[in-house]
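Could you put the whole structure together from the sequences, leaning on the hints where they help?
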Amino acid sequence: MPDDVTNGSGGGERPLRAVLAEDQALLRVGLTRILESGAVSVVEAVDNAPSLTRALARDDIDIAVVDVRLPPTHTTEGLEAAVAVRAARPGFPVLVLSQWVEPLYARDLLAGGEGSVGYLLKDRVADVDAFLAAVRQVADGGTVLDPEVVASLVSARGRPLDRLTDREREVLTLMAEGRSNAAIAARLVVTEKAVGKHTNNIFTKLDLPQASDDNRRVLAVLAWLDGQ
Amino acid sequence: MTDFEPMPLLAPVHLDHPLPVSGDKLLDRWRLTLVAAGYALSGVPSLVLAILTVLCLCLGPALGVGVLLALLVFPAVAGLTHLHRTASGRLLGREISAGYVETAHLPTLVRPIRWLRDPARWRNVGFLWFSATGGFAMSLLPVALLTMPVTWFIIAVAGGGWTWLLFLVLSGPALAAWWFVTPPLVRARALTERAMLGSSRVADLEQRVEHVEESRAETLDHSAAEVRRIERDLHDGAQARIASVGMSVGLAEKLVRTDPEAAAALLREARETTVSALDDLRSVVRGIHPPVLADRGLSGAVEALALALPVPVSVAVDIPRLPEPVESAAYFAVAECLANVAKHAHAARAWVTGSYDGDRLRLTVGDDGHGGADPRGSGLVGVARRLDAFDGNLRVHSPAGGPTVCEMEVPCRTT
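Going down the list, the sequences are from chains A and B. Quick note on numbering: the working numbering labels position 43 of the first sequence as 43, and the sequence is numbered without any gaps. Quick note on numbering: the working numbering labels position 110 of the second sequence as 110, and the sequence is numbered without any gaps.
Calculated from the structure, these hints are not laboratory results. Heads up, none of these hints are tricks.
Covered stretches of chain A, going by a simulated chain B footprint (3 or more residues, C-beta under 8 angstroms): (1) 21–27; (2) 32–42; (3) 126–132.
Facing chain B, a subset of chain A residues (Cβ under 10 angstroms, in silico): (4) Arg69; (5) His74; (6) Gln99; (7) Trp100; (8) Leu121; (9) Lys122; (10) Asp123.
Ideal Cβ positions, reconstructed from N, Cα and C, are used throughout, including at glycine.
This is the structure we're talking about:
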């Protein structure tokens, strides 16, 4: 959905260098192709956790795209490697992909509070332009969360959200997914100014600290949703 | 009872009304007299073993000899009492279980010490003395009564004169007594043996609870492992392929204007991947609950298994629809056995037979391969575990050189 895309994915963006960790050959090839089609060169594609840890030590990469589940134990090695690399290199951009999403894992990833992090279902990769935009957003310090994670967080909060209007809840959800005002406006077919009004209302009603930049705004919303 | 089949020697004893006298009853008493003779004869080995047991106990603490002797005597006692349990069990129409404490896992030399603490073994010893004394007398009586006229006849012929009279007077009552006392005596003996040799009801139940606990734990382990396997199969198979289809189609969508040829290639790839994703899903479904089993029951499903095997398999399975969990366990058990035939046996042909008598499901998988199947191999252990969950069991006969026969039995009562 190109109108969701803030950075645009046409030609001319800055080339990125990525490490890709995905144990399924079929998906590794698909992801490499898609990333390369968006001027993200895959400098190393690995299929297991130890190789990923080695690759993440490289200093010539801009972002890591990592599958949660990797050999040898096929549990959450990818996620752990992502958390570890962000502990060692705060703010290092990591986009975590998974065949299913778990809000608990999202919390692990967001715990540092630095941004430059994404957590998406593998299904989202099929929307190639949106996926590439997400990669860039993460590489540029943004936060991208899968709508499914946000939806489960929103539904878990339940009653406190009654204070918001339907439209405000929609805006909140899109904010939590990491979208900018412009992207939200395009998505809801309203003006950017209207979105700005909604976000102000949300921040007031939920008693959240006003945040100027998009990323801090996402984190504030997510922290609130996560019940911190 | 049909006229063509002779009554088996150890058919259950019925206390019939002794009168009127009939051919059937005469035959039955003949049979029971033979049984009584067997019981009486066993008094001899019983006495020998009883004495040897005492020797073991005396020598045991002092010398290692006692332990070594025990290693010979106790199994012999177990063998003899096993014969009695089987015979008396058949005569009563109910199995008599020994209820020994399991010692197969212990080192040979330690076993006698454990045997000493096993009440079932002590009951055996008690039985030996009974068999050599009271039991001997009890079982000799029918034989003695029946043969008494012969004895008197010999005396009469040898003595001549008035002893003829004695023969006539004493033979009648002896035969009459034989007619009346033989069935109750044999039955009494069998009942006594059950009381002495059978494990107590509490011990039986304890053993059963222990077994049920074990098999429940194993079943839980097994099903947890199955669920993990299914999750892995889906994650690595169909789910990954469908995700990859999404990626190919997504990229094709992006390339369709700028590079239509590349887009077409991606779409072709995506189409092929959907085919393999469906294949994956089908095989996962087969691994959970094969559609043919749901549609045709065990008989059809086993035939389907046989068709898929590279070895010719003759199938003689005539089983009605059974409860689904039993069908499923039996199906996967047969599937594993047949997979073993294909993988390991180097067989030229195999066969599957199956029957159900309203009470027990019986299945046999055999092949003419080179044998030597290991019942402790993971596949067969899995089969045993599946069946154990239903109180069933697996017996594997696989001598080196073959043939291999796997017999499976599952109790299953349909109402």
